[in-house]
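A.B. asks: Add chain B to chain A, keeping to what the hints say.
So the sequence lines, in the order shown, correspond to chains A and B.
Using this note's numbering, read the first sequence as starting at 1 and increasing by one per residue.
Using this note's numbering, read the second sequence as starting at 1 and increasing by one per residue.
Hint data in this document are derived by calculation from the structure and do not stem from the laboratory.
Values in this document were obtained by computation on a predicted structure and should not be read as measured data.
Do not take every clue at face value.
Unchecked claim - One side of the interface only, derived from the structure: several residues of chain A facing chain B at Cβ under 10 Å:
1) Phe56
2) Tyr130
3) Asp131
4) Glu132
5) Leu134
6) Ser136
7) Leu137
8) Ala139
9) Gly140
10) Thr147
11) Trp150
12) Asp151
13) Phe154
14) Gly226
15) Ser230
16) Lys231
Here a beta-carbon is modelled for each residue, glycine too, at the ideal position from N, C-alpha and C.
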Amino acid sequence: MSEVFSAVATAVELVVRLDPDLVEIVALSLKVSLSAVLIAALAGLPLGAAVALVKFPGRRGAVILLNAAMGLPPVVVGLVVYLLLSRAGPLGELGILFTPAAMVIAQSILITPIIAALTRQTISDLHEEYDEYLCSLGAGHLQRITTLLWDGRFRLLTGLLAGFGRASAEVGAVIIVGGNINHVTRVMTTTIALETSKGNLNLALALGIVLIILAASVNAAAVLIGDAASKRYG
Amino acid sequence: MDKAIEPNRVMPLEVLDLSYDAGGKTLLNKLDFRLEDGVRTVILGPNGAGKSLLLRVCHGLLQPGSGSVSWAGRTPSQAGRELAMVFQRTVLLRRTVADNIAHTLAIMGVPREQRSSRIDTALKEAGLSELEDHPARTLSGGEQQRLSIARARVLRPRVLLLDEPTSNLDPGATAAVEGMIRAADADGTRIIMTTHDILQARRLADEVLFLHRGGLLEHTSASEFFAEPKTDEARRFLRGELLE
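Here chain A stands alone, though its shape is the one from the complex (with noise of 0.2 Å):
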């Protein structure tokens, strides 16, 4: 038992005093995340506003898809970028298996479909309201898309938020693509669960310790922000 204390006092130390090997995984770890986030926005906010606005055949087909795709297996799809980035693979000639480039592949992979399905629920609830509002106006296409963006952009921001929560606690995927390399691809999850079958805690409940104040940090975040639209714009 005092093990553990002296192993949660020395991640504690570790935290406070920067340890340098702990910024470095941080850094990356944010540094994939982010750049995740970034691809996945572009792709789903735009996907999920089409869903919701576009009448297309196999509409609601494509809503049970991207709903189900939010529950995509990481491993299955650190497996398929794998398959697809590695030496006989299609994109093979890219040369970045193994490096932070493939793991955020892998990550936008996991999370457009969660950014999107979001994105299509904020829009469509906010297109039944203002549908007959915009129609009066006569309004088109592109300002009926840019006025629910923008009425809609704090639940979307929650979503982002979402995103990045899932991204950043992920590691099935990214072990499989990045291959956890010391100092290349090593991020908090896979260091993590690497230290800990060493039996090395310190790092190991050091980056838990980080990256447990992250999640709560962007659940906060996203409590605050909705309860401050809410109070601003009603």
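C.D. replies: Chain B only, in chain A's frame:
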């Protein structure tokens, strides 16, 4: 043969043999009427008579199943910005009071430099100047409906279509909304509104269209309608009986 389009006019509104079906039911049944300029028209009838539906078809939000609607020879979509609509359930954007009006002006392509003064005027007319920075959706019901009317009027429409604009309001808020409707009328805006409130129709109507079960039972001056209703349904409605 197409009717001649009169470019500087939006009235008369001509509704010919208009029907609208949905879900296997006929909701509007072969309506024929013509509304001229210069009067306030109230479309009166019990709930489910088809009043709101008729207003939407006249605005062009819904297409009729058969028959036609024309504004001085133009289709509702051609009449476009000459018509503005105020809905029974207010639809306000998640923005401030002033930004709700700014949005309408932006959508209609009003140059940015003209927007500020038009917003100020609209808010002043609605008695909402003090609330311009408030979130629109936190206003009281009466204030929200006044904002909806101000937002519709900021486009300077020739015709204002109002769907039960005071159905959820208390007497004080109703009086304020009716004041705005009278002011719009005094400015030369043609008022066409629906209500199921007999007293409101007495206060505001110059002419009445009485609808029941999707049919137009009476179209006459308000004084004549209230003094000598011609149909049994209208007489019973005016006596406050519940129509089936």
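A.B. asks: Indicate, hint by hint, whether the structure satisfies it.
C.D. replies: How the hints compare with the structure:
no.	hint	verdict
1	Phe56	violated (21 Å)
2	Tyr130	holds (6 Å)
3	Asp131	holds (9 Å)
4	Glu132	holds (6 Å)
5	Leu134	holds (8 Å)
6	Ser136	holds (4 Å)
7	Leu137	holds (5 Å)
8	Ala139	holds (5 Å)
9	Gly140	holds (9 Å)
10	Thr147	holds (7 Å)
11	Trp150	holds (8 Å)
12	Asp151	holds (5 Å)
13	Phe154	holds (8 Å)
14	Gly226	violated (12 Å)
15	Ser230	holds (9 Å)
16	Lys231	holds (8 Å)
Going through the hint list in order, the structure does not satisfy hints 1 and 14.
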